[in-house]
Amino acid sequence: MKKYQLGEFEEIVLLTVGVLYGNAYGVSIKEEIEKRQKRKVSVGALQSALRRMESKGFLDSEFGESTKMRGGKRKRYFKITALGKKALDYNMQTRLDLWNQIPDVAFEFKLC
Amino acid sequence: MKDSSSTYQPPKAADRFLRWFCREELLEEVKGDLFEYYLLERKTKSEWRAGISYWFHVLHFLRPFALKRKIQDSNFNIMYKSYFKYAWRNMQKHRTNTLMNLLSLGVGMACFIFIFIYIKGELSYDKFHNDSDRIHRVVIDLFESDGGILPDATTPPALAIALQRELPEIASSTRVFPKWGRKFLIGANEDQQYFEEELIQTDSSFFDVFSFPFIHGEPKTALDAPDKMVLTRSMALKYFGRENVLGETLTIYGSNNQVKRISAVVEDVSEFSHFTFDFLTRLNFNNIDNNWGWWNYYTYVKVNQDTDMRALGGKLLGFYESARPDQERYAPIYTQAITDIHLKSNLKWELSVNGNMDNIYIFGALGVFVLLISCINYLNLTIADSLKRLKEIGVRKVFGAHKKSLISQFLIEALLTIIFAIVIGGVFAEALFRNMGDVLGRNVSMLQVENLQVFLLIGLTGVVFGILAGLYPALHMSSFKVASAVKGIVSKSGRSAKGLRKTLLVIQFSISTIMIVGTLVVFEQLKYVQNSDLGFESEQVLIIENSRRISNQETFKAELERIPAISRASVADGIIGGLNWTMTVGTPNGVLMNYVVTDPDFIDAMGFELLEGRNFDKERPTDAQGGNLIVNKKALSDLGLTMEDVGKPVPMFSNGDSIINGTVLGVIEDFHFTDFKSEIKPFAFVYRTNTKDYSYIKLNSTNIGQTLTQIEEAWNVASNGAPFEYYFLDETYASLHVQEEKLSNILLYLTFLAVFIAFMGMFAIANMTIKDRLKEIAVRKVLGASVTGVSGMITTKFLALVLVANIIALPLSYYLMSEWLSGFAYRTDLGPLIFTLALGSTLLVAWITVGYQSVRAALINPIRNLRQD
Numbered sequence: 002m003k004k005y006q007l008g009e010f011e012e013i014v015l016l017t018v019g020v021l022y023g024n025a026y027g028v029s030i031k032e033e034i035e036k037r038q039k040r041k042v043s044v045g046a047l048q049s050a051l052r053r054m055e056s057k058g059f060l061d062s063e064f065g066e067s068t069k070m071r072g073g074k075r076k077r078y079f080k081i082t083a084l085g086k087k088a089l090d091y092n093m094q095t096r097l098d099l100w101n102q103i104p105d106v107a108f109e110f111k112l113c
Numbered sequence: 115m116k117d118s119s120s121t122y123q124p125p126k127a128a129d130r131f132l133r134w135f136c137r138e139e140l141l142e143e144v145k146g147d148l149f150e151y152y153l154l155e156r157k158t159k160s161e162w163r164a165g166i167s168y169w170f171h172v173l174h175f176l177r178p179f180a181l182k183r184k185i186q187d188s189n190f191n192i193m194y195k196s197y198f199k200y201a202w203r204n205m206q207k208h209r210t211n212t213l214m215n216l217l218s219l220g221v222g223m224a225c226f227i228f229i230f231i232y233i234k235g236e237l238s239y240d241k242f243h244n245d246s247d248r249i250h251r252v253v254i255d256l257f258e259s260d261g262g263i264l265p266d267a268t269t270p271p272a273l274a275i276a277l278q279r280e281l282p283e284i285a286s287s288t289r290v291f292p293k294w295g296r297k298f299l300i301g302a303n304e305d306q307q308y309f310e311e312e313l314i315q316t317d318s319s320f321f322d323v324f325s326f327p328f329i330h331g332e333p334k335t336a337l338d339a340p341d342k343m344v345l346t347r348s349m350a351l352k353y354f355g356r357e358n359v360l361g362e363t364l365t366i367y368g369s370n371n372q373v374k375r376i377s378a379v380v381e382d383v384s385e386f387s388h389f390t391f392d393f394l395t396r397l398n399f400n401n402i403d404n405n406w407g408w409w410n411y412y413t414y415v416k417v418n419q420d421t422d423m424r425a426l427g428g429k430l431l432g433f434y435e436s437a438r439p440d441q442e443r444y445a446p447i448y449t450q451a452i453t454d455i456h457l458k459s460n461l462k463w464e465l466s467v468n469g470n471m472d473n474i475y476i477f478g479a480l481g482v483f484v485l486l487i488s489c490i491n492y493l494n495l496t497i498a499d500s501l502k503r504l505k506e507i508g509v510r511k512v513f514g515a516h517k518k519s520l521i522s523q524f525l526i527e528a529l530l531t532i533i534f535a536i537v538i539g540g541v542f543a544e545a546l547f548r549n550m551g552d553v554l555g556r557n558v559s560m561l562q563v564e565n566l567q568v569f570l571l572i573g574l575t576g577v578v579f580g581i582l583a584g585l586y587p588a589l590h591m592s593s594f595k596v597a598s599a600v601k602g603i604v605s606k607s608g609r610s611a612k613g614l615r616k617t618l619l620v621i622q623f624s625i626s627t628i629m630i631v632g633t634l635v636v637f638e639q640l641k642y643v644q645n646s647d648l649g650f651e652s653e654q655v656l657i658i659e660n661s662r663r664i665s666n667q668e669t670f671k672a673e674l675e676r677i678p679a680i681s682r683a684s685v686a687d688g689i690i691g692g693l694n695w696t697m698t699v700g701t702p703n704g705v706l707m708n709y710v711v712t713d714p715d716f717i718d719a720m721g722f723e724l725l726e727g728r729n730f731d732k733e734r735p736t737d738a739q740g741g742n743l744i745v746n747k748k749a750l751s752d753l754g755l756t757m758e759d760v761g762k763p764v765p766m767f768s769n770g771d772s773i774i775n776g777t778v779l780g781v782i783e784d785f786h787f788t789d790f791k792s793e794i795k796p797f798a799f800v801y802r803t804n805t806k807d808y809s810y811i812k813l814n815s816t817n818i819g820q821t822l823t824q825i826e827e828a829w830n831v832a833s834n835g836a837p838f839e840y841y842f843l844d845e846t847y848a849s850l851h852v853q854e855e856k857l858s859n860i861l862l863y864l865t866f867l868a869v870f871i872a873f874m875g876m877f878a879i880a881n882m883t884i885k886d887r888l889k890e891i892a893v894r895k896v897l898g899a900s901v902t903g904v905s906g907m908i909t910t911k912f913l914a915l916v917l918v919a920n921i922i923a924l925p926l927s928y929y930l931m932s933e934w935l936s937g938f939a940y941r942t943d944l945g946p947l948i949f950t951l952a953l954g955s956t957l958l959v960a961w962i963t964v965g966y967q968s969v970r971a972a973l974i975n976p977i978r979n980l981r982q983d
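Each protein sequence line maps, in turn, to chains C and U.
Just so you know, we're using this note's numbering here: the first sequence kicks off at 2 and counts up by one.
Just so you know, we're using this note's numbering here: the second sequence kicks off at 115 and counts up by one.
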């Protein structure tokens, strides 16, 4: 289903936004991903994924307070929308379905 | 509190860069993120490393989603978008009009592109040589019997050598000796032999003068030994199946076989060259370097840089006099720029059929005319259309449209139409090229790179002119006052627009009429040329080439005459209307006599009528010796003889001091052997018993196919394996008028298109006029007007316009076409019929186009047009 389509990176970002509930903004998401996934994330890649998902309706955002830490710039906090939740559910469900469909023999790797 | 953030600053340049490209609404957050992350990094990394990382992240932000959409947000852009939308909608709303506009503009554009590319090709002849501006052909005219001068392209072989020796301005010179109707049997071995025509014999300096592109080999060494040979790529492929054939040998078979070493392979000769060749070999005649008597070489020179050609021209005559002290009179010697030869040179014995500068002018004018007609159409339709859009303009103005924005809207509509038209024109032009390849004499396609460039160039100019053409309606329409525009009141300017419309219609039809007259006259002349009596029976005469290969021609002739469908067979050393020799006859005043060596059967076979004297006689061996001639009337009078002198010995040739007598055995009627542009010239037949080049077979057959098979059988028996290559004499004569035929063909197409466009324009204008007057027509009908009365009222106005156009065009076309005809020595009359036909046809078509619509309008029930008010 096209409606809930999520890329791999998008899915991770979306999930991370969920994990960081209430404190999900650019740098925190980036750090969280880098910490958990052990992969480098550029600000640009992250922002483009965030925007894309916002335009798809999976994410919602609002400006937060400005802090000295950011040179007076405000943070934009992201949170998952109901649709985003659905998309994650759908994604997980399809994977689970597929997972369950795999016959056991497929995993019987034997030395031959 | 003082924290680290105030002390650490990310690179300023990166910040500025980010601000430059990043969208406003993203900027704050992104800068914040980047800054925060920068501070994090500064804690662990050096300033430099953190700076690099900052830059890295900024650059990573260069993604489509983050870029500023400058264009999208501008008011300017939104308006232009809507202009396009309106233009598109307007085109769809008036489908008929749009279609007419596009068709007529497209057709006009196609004609223009077609002619432009054709002319460009004609003008580019011989420009591919390096320093083509320094290459010239030296020619010497011949004296004619009446003291006139016969322009002649050939020169004696000694000329090139002497020029190079005597004149310091000449950088290099070369002689070209073409095939002169010969065929060469060439082969790589005994099994693989072909007859080749395009063999030029020349000097080692050939490539000093000309620069044909080399594929293999070196220009310097290409012809530096007598046994070397240069061939073209396609010949290399034909004989050896590969391109690099340096060092291979080819044999030219003949009485003594010549083995040639291939020293270079060149590209196939460009179609834009005034002479062509497949093979080049060295001249191998003895004693030609001091020969001033054989007029069958062409002399080309390359002059030094910055040579004053006029001064050189002056020097040439002095040079020629000193080189030939034996002459009494000196014929003009002069140079022709090689790039001028194709279009401007029309000498006897040109190396190929040349173009004609006059035709170029005619075609150019026609191309512009047709384009003009279609532009006028466009202008006319747009102006007429504009009057109907007054309300729209009024409403726009009320809602605050500036004059400027109205103008841009109309310009965009114009532009859209023109771009469509250009595309249509390109497609049409391609179709024209595909269909008229044989008329043009070469294959042209829009898809060739150089033509595509031309197309783009024309397209660009088209757009520029389109803007200019669209400017008038744009200015005109935007100038209406709001109130009157909304009310739909056509003010004075509307009337002036109608006046302009009428003028443009008249111009259109004048051009159409001139073109119709022109086409008719050219066709008449062609018909005249084709149908006029040549002075002998040229129909059903078959000419077989290579007849020299037949050892006993008398037996062959007898064999042929046994075939019932053949009435007579003969042999000759030239082709009437194609190839003949010249000699100077008569003393003391020489006559330049064209002559052909024949056998005694020739006069009969060709149906020449003897006015006086007798034919050659096989039984009288003296007929085949000395100056025994059968001449035409023109030759007789030019020699200063009368019918009384026929059969008596008269002084004919002078050889130093001694004078040799000859006899005019018979006189025949004058006959055409050149094109109809020149007067009939002296011609003589000479009888010799040697083997001759061409067999002439007079057929009397209804089944040509069968007769040809029979002839071929006889040929195969007698010809020692030479190929059976034949054509009909009519074809030779037809080829004399290739230029006129080309002209008439192109003229026919263009005239058809021009008239088509003009009448399409008239149709559309009439359509609009009638729509404007529907109410008036209805009222008239209610008040009792008849259908004929109403339709007559509309039709007469248009017919009057066509009449005015004819009054302008007919005298003009009379003048133009008499000018054109004056180029022919034998020409058709400019009878009144042609002009009546042009007048009648334009009026008739106008009457049909307008009359049909007006009658239809008059037949509408008046209620339908009146009930709205």
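Worth flagging that the hints you see were computed from the coordinates, not collected in a lab.
The reader is advised that the hints may include incorrect statements.
Claimed, not checked - A few chain U residues facing chain C, derived, Cβ under 8 Å: (1) Glu143; (2) Val144; (3) Gly146; (4) Asp147; (5) Trp169; (6) Phe175; (7) Arg177; (8) Ala180; (9) Arg209; (10) Thr210; (11) Asn211; (12) Leu213.
The beta-carbon is built from N, C-alpha and C at its ideal position, and this holds for glycine as well.
Hints the structure fails to honour:
5, 9, 10, 11, 12
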